[in-house]
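J.: First to last, the protein sequences are chains F and G.
Counting from 1, position 267 in the first sequence corresponds to residue 267 in the numbering used here; the numbering is continuous, with no gaps.
Just so we're on the same page, the numbering used here is the position in the second sequence counted from 1, plus 1000.
Any given hint might turn out to be false.
Partial selection, computed: residues in chain F whose CB lies under 8 Å from chain G [as the list claims (entries may be wrong)]:
{"#": "1", "residue": "P18"}
{"#": "2", "residue": "R20"}
{"#": "3", "residue": "W21"}
{"#": "4", "residue": "N52"}
{"#": "5", "residue": "V54"}
{"#": "6", "residue": "L55"}
{"#": "7", "residue": "A56"}
{"#": "8", "residue": "V58"}
{"#": "9", "residue": "L120"}
{"#": "10", "residue": "A121"}
Away from chain F, derived, C-beta distances all over 10 Å, residues of chain G [stated by the list, open to error]:
{"#": "11", "residue": "G1006"}
{"#": "12", "residue": "V1027"}
{"#": "13", "residue": "V1035"}
Some, not all, of what chain G presents toward chain F, calculated at C-beta under 10 Å [unchecked claim]:
{"#": "14", "residue": "A1011"}
{"#": "15", "residue": "R1015"}
{"#": "16", "residue": "A1021"}
{"#": "17", "residue": "L1022"}
{"#": "18", "residue": "V1033"}
{"#": "19", "residue": "T1037"}
{"#": "20", "residue": "G1043"}
Since the hints were made in silico from the structure, they are not lab data.
Note that the Cβ used here is the ideal one computed from N, Cα and C, for glycine as well.
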Amino acid sequence: MTTTVPEMTSAALPAAAPARWQDYLQLLKPRVMSLVIFTAFTGLLCAGAPLNPVLAGVAILCIAVGGGASGALNMWYEADLDALMRRTRGRPLPTGRVQRGDALALGITLSLFSVMLMGLAVNLLAAALLAFTIFFYAVVYTMWLKRATPQNIVIGGLAGALPPAVGWAAASGSAPLSAWLLVAIIFFWTPPHFWALSLVTCEDYAKAGVPMMPVVRGEAATRRQIFLYSLVVAPLGLVPAFTGLGGPLYLAVAAIGGAGFLALAAKVAFPSHSPTPAASRPLLPARGREDARRLFGFSIAYLFLIFAALLVEHLAGVRPLVR
Amino acid sequence: MSDPKGESEAARKARRGRNIALAAGLVLFVILVFVVTIIRLGGNVATHGY
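Isolated chain F (complex conformation) (with noise of 0.2 Å):
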């Protein structure tokens, strides 16, 4: 790995007020910890094992701590970044609320400790697919694929995408296919969501120099792959009602969500307006935007209501299509 770690400069340090406890909570990352939780917790419910209450308790816990470390490290390592971008120049490192070191020493004990517990408490599988979902995350994504290549996200999508394989693995002790099932179509739903935001905000990526598909590609490739990617989630989206783990709610959601992924995603795509030449205009014009927002905005309402489907079914003992 070639990339040394950035340093702060001192332009990007106002003068910084105490560091409080919800700043270090802030470095957690609370928002992405709240998906994490949710997809993990569906994944635990899918494996349809006995496990204590209070066992999977702290299985969610730790896994919604390992998540909250590695983006704690993501912060460390990141820092001379968020300063650059709008959406991240408020963090707690580049407003030198908390120091590098200190965000740093928190991410490094939380990941310890949360994979130290999941192993005593729950079983070793899970501990070490947590150990795994951090590194990919702080290292292989973090460190080194985001600065380097433009299918960052898709790579390092995988990260985001193992929850369920882990809380999955805490119940059952095991991850087969079904679990794998699930964590693909995070895997698949990965680009295109992040594509339309960094659609958005591409401006800030470049200026960061963040190589970003449409940072590095152009608009009218990165709209293409959105809806690439989408063609292969649309589908893969109804995979499980015909595998035993989802039954006709989930079947319904998952074909009406599907259709309006591949429609919103087909809209990026085929823009009404002239598209631009990546070659001469890498960044999107502002008119352009509004499809790009809408796709982002409905990838997120798509996965949380097909997993939601999921957990409703499994709460309430739906039988699921085909057993």
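Keeping the supplied structure of chain F fixed, place chain G upon it in accordance with the hints.
T.: Relative to chain F, chain G alone:
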């Protein structure tokens, strides 16, 4: 009252908040380890019939 270390009131309050949060986290961790031990021990005893 001024702090001998020259710490401002805001800094003192922030430090106190951090200390309380850290203490709460540690206490929660200790309780978790205790409860998990009891549950795992109970399960093993039941399995082996000691």
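J.: Per the CB criterion, is A121 of chain F less than 8 Å away from chain G?
T.: holds (4 Å)
J.: Using Cβ atoms only, decide whether W21 of chain F comes closer than 8 Å to chain G, and label the hint accordingly.
T.: This interface hint holds because 4 Å falls under the 8 Å limit.
J.: With a cut-off of 8 Å on the beta carbons, see whether L55 of chain F makes it to chain G.
T.: For L55 of chain F, the interface hint holds, since the closest Cβ of chain G sits about 6 Å away, which is under 8 Å.
J.: Given V1033 of chain G was flagged as interface, is its beta-carbon under 10 Å from a beta-carbon of chain F?
T.: holds (7 Å)
J.: Restraint: L1022 of chain G near chain F, CB-CB cut 10 Å. Satisfied or not?
T.: holds (8 Å)
J.: Given a cut of 8 Å on the nearest C-beta pair, is the interface hint for V58 of chain F held or broken against chain G?
T.: Nearest chain G Cβ about 6 Å off; hint holds.
J.: When the nearest CB of chain F is found for R1015 of chain G, is that gap smaller than 10 Å?
T.: Given a least distance of 7 Å, the restraint on R1015 of chain G holds.
J.: With a cut-off of 8 Å, does the beta carbon of R20 of chain F approach a beta carbon of chain G closely enough for the hint to hold?
T.: holds (5 Å)
J.: Could you check if P18 of chain F really has its C-beta closer than 8 Å to a C-beta on chain G?
T.: holds (4 Å)
J.: Hint validation: A1011 of chain G versus chain F, beta carbon distance must be below 10 Å. Holds or violated?
T.: holds (4 Å)
J.: Taking the shortest Cβ-to-Cβ distance between G1006 of chain G and chain F, state whether it exceeds 10 Å.
T.: Holds, because the least Cβ-Cβ distance between G1006 of chain G and chain F comes to about 13 Å, which exceeds 10 Å.
J.: Would you settle whether the hint for V54 of chain F is holds or violated, based on the nearest Cβ-Cβ distance to chain G being less than 8 Å?
T.: holds (6 Å)
Against the hints set out earlier in the document, violations occur for numbers 7, 13.
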